[in-house]
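Protein sequences appear in the order of chains A and B.
Under this note's numbering, the residue at position 270 of the first sequence is numbered 270, and the numbers go up by one with no gaps.
Counting from 1 along the second sequence, just add 385 to a position and that's the residue number in this note's numbering.
FYI, nobody ran anything at the bench for these hints, they're computed from the structure.
Be aware that one or more of the hints could be misleading.
Unchecked claim - Simulated pairs of lysine-lysine, BS3-like, Cα-Cα distance not exceeding 27 Å: (1) A/Lys333 with B/Lys718; (2) B/Lys388 with B/Lys465; (3) A/Lys340 with B/Lys752; (4) B/Lys718 with A/Lys2.
Here the structure is a predicted model, which is why all the values come from computation and not from measurement.
2 protein chains.
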Amino acid sequence: MKKVLVLGAGQLARMMDLAGSPLNMDVKAFDVRTNNVVHPITPEHKYGGLAQGIANADVITAEFEHVAHDVLAQCQASGKLLPNSQAIKVGGDRRLEKALLESSNVANAKHIIIENKADFERALTQLELPLIFKSALEGYDGKGQWRLKSAEQAEAIWQEMSAFIDAATSSVPQGIVAEKMVPFDREVSLVGARNIHGEISVYPLTENHHTNGVLSVSVAAPINDALQAQAGQAFKKMAEALDYVGILAIEFFQVGEQLLVNEIAPRVHNSGHWTQQGADTCQFENHLRAISGLPLGSTQLIRPTAMVNILGEDTLPVETLAIPSLSVHWYAKEKRAGRKMGHINISGDTELMLAQRLTQLAQLLDKQAFPDLAEFASKYLAKVS
Amino acid sequence: MKKVLVLGAGQLARMMDLAGSPLNMDVKAFDVRTNNVVHPITPEHKYGGLAQGIANADVITAEFEHVAHDVLAQCQASGKLLPNSQAIKVGGDRRLEKALLESSNVANAKHIIIENKADFERALTQLELPLIFKSALEGYDGKGQWRLKSAEQAEAIWQEMSAFIDAATSSVPQGIVAEKMVPFDREVSLVGARNIHGEISVYPLTENHHTNGVLSVSVAAPINDALQAQAGQAFKKMAEALDYVGILAIEFFQVGEQLLVNEIAPRVHNSGHWTQQGADTCQFENHLRAISGLPLGSTQLIRPTAMVNILGEDTLPVETLAIPSLSVHWYAKEKRAGRKMGHINISGDTELMLAQRLTQLAQLLDKQAFPDLAEFASKYLAKVS
Chain A
1 MKKVLVLGAG
11 QLARMMDLAG
21 SPLNMDVKAF
31 DVRTNNVVHP
41 ITPEHKYGGL
51 AQGIANADVI
61 TAEFEHVAHD
71 VLAQCQASGK
81 LLPNSQAIKV
91 GGDRRLEKAL
101 LESSNVANAK
111 HIIIENKADF
121 ERALTQLELP
131 LIFKSALEGY
141 DGKGQWRLKS
151 AEQAEAIWQE
161 MSAFIDAATS
171 SVPQGIVAEK
181 MVPFDREVSL
191 VGARNIHGEI
201 SVYPLTENHH
211 TNGVLSVSVA
221 APINDALQAQ
231 AGQAFKKMAE
241 ALDYVGILAI
251 EFFQVGEQLL
261 VNEIAPRVHN
271 SGHWTQQGAD
281 TCQFENHLRA
291 ISGLPLGSTQ
301 LIRPTAMVNI
311 LGEDTLPVET
321 LAIPSLSVHW
331 YAKEKRAGRK
341 MGHINISGDT
351 ELMLAQRLTQ
361 LAQLLDKQAF
371 PDLAEFASKY
381 LAKVS
Chain B
386 MKKVLVLGAG
396 QLARMMDLAG
406 SPLNMDVKAF
416 DVRTNNVVHP
426 ITPEHKYGGL
436 AQGIANADVI
446 TAEFEHVAHD
456 VLAQCQASGK
466 LLPNSQAIKV
476 GGDRRLEKAL
486 LESSNVANAK
496 HIIIENKADF
506 ERALTQLELP
516 LIFKSALEGY
526 DGKGQWRLKS
536 AEQAEAIWQE
546 MSAFIDAATS
556 SVPQGIVAEK
566 MVPFDREVSL
576 VGARNIHGEI
586 SVYPLTENHH
596 TNGVLSVSVA
606 APINDALQAQ
616 AGQAFKKMAE
626 ALDYVGILAI
636 EFFQVGEQLL
646 VNEIAPRVHN
656 SGHWTQQGAD
666 TCQFENHLRA
676 ISGLPLGSTQ
686 LIRPTAMVNI
696 LGEDTLPVET
706 LAIPSLSVHW
716 YAKEKRAGRK
726 MGHINISGDT
736 ELMLAQRLTQ
746 LAQLLDKQAF
756 PDLAEFASKY
766 LAKVS
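Throw the hints in and build the complete structure from the sequences for me.
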């Protein structure tokens, strides 16, 4: 039995455990809030602290990129951490991420790193408005972001940003990346795996929709070969540059037929949850296969599949379960406004069937809890009809 | 969170837990050997004895039909047991099973219940040879069965059978059912669910192959409508007669275009494991949905899928994982000769693709551990080519 320790004890560790048990893997999770090693499905049981968790593990991985650097160092020193700590750090710091994109020659939005007011002013003059400013550390799900549309906002935003930088308590200094806001056609992401032997396998590109900066819907459907190849090339360059092992997710802005990398996540990713029902091998299993030296499982799309995030709700109308090819995945978390509580996967033999089922789902769900779903489903239905 | 207690802590309870966690169900299992309630994935943690398990559960179910009658009575008295204790008892006693088949008017093999030598002699004269004798209690996987091909064997077999009956220690007297051996064309089974509201949904008929009396391969592929309807009718009659709630499996002998019931299993069933990859909703989830008052999930076949049992082995050649659309499910059990240790699910977009992958799999696996697989795969490939 392979023993896996996951840094982080949230839903991603939980779903790794559910995928790992059938593979004869014993998945434990290090809860960074309590410093306890727990079993993800029955977290009431503790298995000591980090040192013991590291000692007991055959392989260590992470479910999030904002792991404290001392924890990463301790894991890296054990020789068991995959992906390696540098790859995790790159995913957790937009400055390193941008440096990697540049050195790997992967297309991304024009940007400037801001450490002081002079940098900020340089960004205002050298990048075209509108601009988006993103904190270098801890910036996902719409937190630590500012949008500047006209020069009059500049001083107010600078005040907010510099207060944000000063308030940071991390051992690594906080910073800001300024980017030209890309007038993109859509957001897509690529989730793929690279294993210990350098074998790479990527899933089909997924189209993502955000509501208030948080992913709400991802759709995986047959994709244009050229676009898929372009994304695959970016994946290969970055995964190889990082000597990456495990699942890596890349978010892109699509502008016409070009993909610009928005950000990467060195872990299994919300936009890959559809793989649990829509792909031969789900991302959680492929992550475990990759870090355990096993062959990767096929990443082929079985049939068009969408993932709908459940935010801030801990129940659904029971009739939703009567929709064919629909699976609900709850994370057993305490209800809190806006929190990712679970997700729904829904498939159809064709995109039309998927769009019809999404429409049916949107009609059953609470409009306040799923504010954009009905509109999304109706547009999608119109597109594929 | 719905709390489910499963009577029995084997692989079926384990797979119910893996299917139940995403549905926000807390699945515990009562280990009948140790009288402890455990968590199926981390059985090192105990949660008290049966009384406590019953008190803590919202619903109680079983993973096997040979539950001691006092345990069943205790669970039934709680008002939480589904399926009901009578349905479980029928599945655990061939005499009751035959009585149900007769009273529900469901076709089955001609038979006589044997309690003494006079019954035995009546069976010899009233049923045509060859005969098969099956113990009424605890008779699955080829144990407690005798085949009589010629009259000269009769006395020796009677000696063995009467010793077997006398050796029984169950609170219910052991008995024997004599059946005319049916010259069947193939064995098929139907797995289906009936929920609290009487809603029924059945999976496609599966073709089953046994090796030394133990299931080795099941194949689910598109099936002839008339045959499927015939099986569905038998399911409906029996499930309604038993006021059954949960997954019920029915094994049939197919003779020409007729299906004769061989036996029933009042639980999730080995011949339904393919549903984990090959169906919209797996049998474990549908069992939990059924007993929890939820709508049933679709039982539609996604694509042709086969299940291969892993018997007495605790590793597989690593290259098997490189076959596309292949999933391994280990049960975390200690290795023992002939023991069900896990299973492999393998799918193809077409039956031809499935047969090719099965052939590839058979070539990689150890011939002694999977003695009939290569021959099965080669015949299947010839049939669908």
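Hints and how they fare:
1. A/Lys333 with B/Lys718: violated, 30 Å
2. B/Lys388 with B/Lys465: Roughly 11 Å between the alpha carbons, so the hint for B/Lys388 and B/Lys465 holds.
3. A/Lys340 with B/Lys752: violated, 48 Å
4. B/Lys718 with A/Lys2: holds, 14 Å
The structure shown violates the earlier hints numbered 1, 3.
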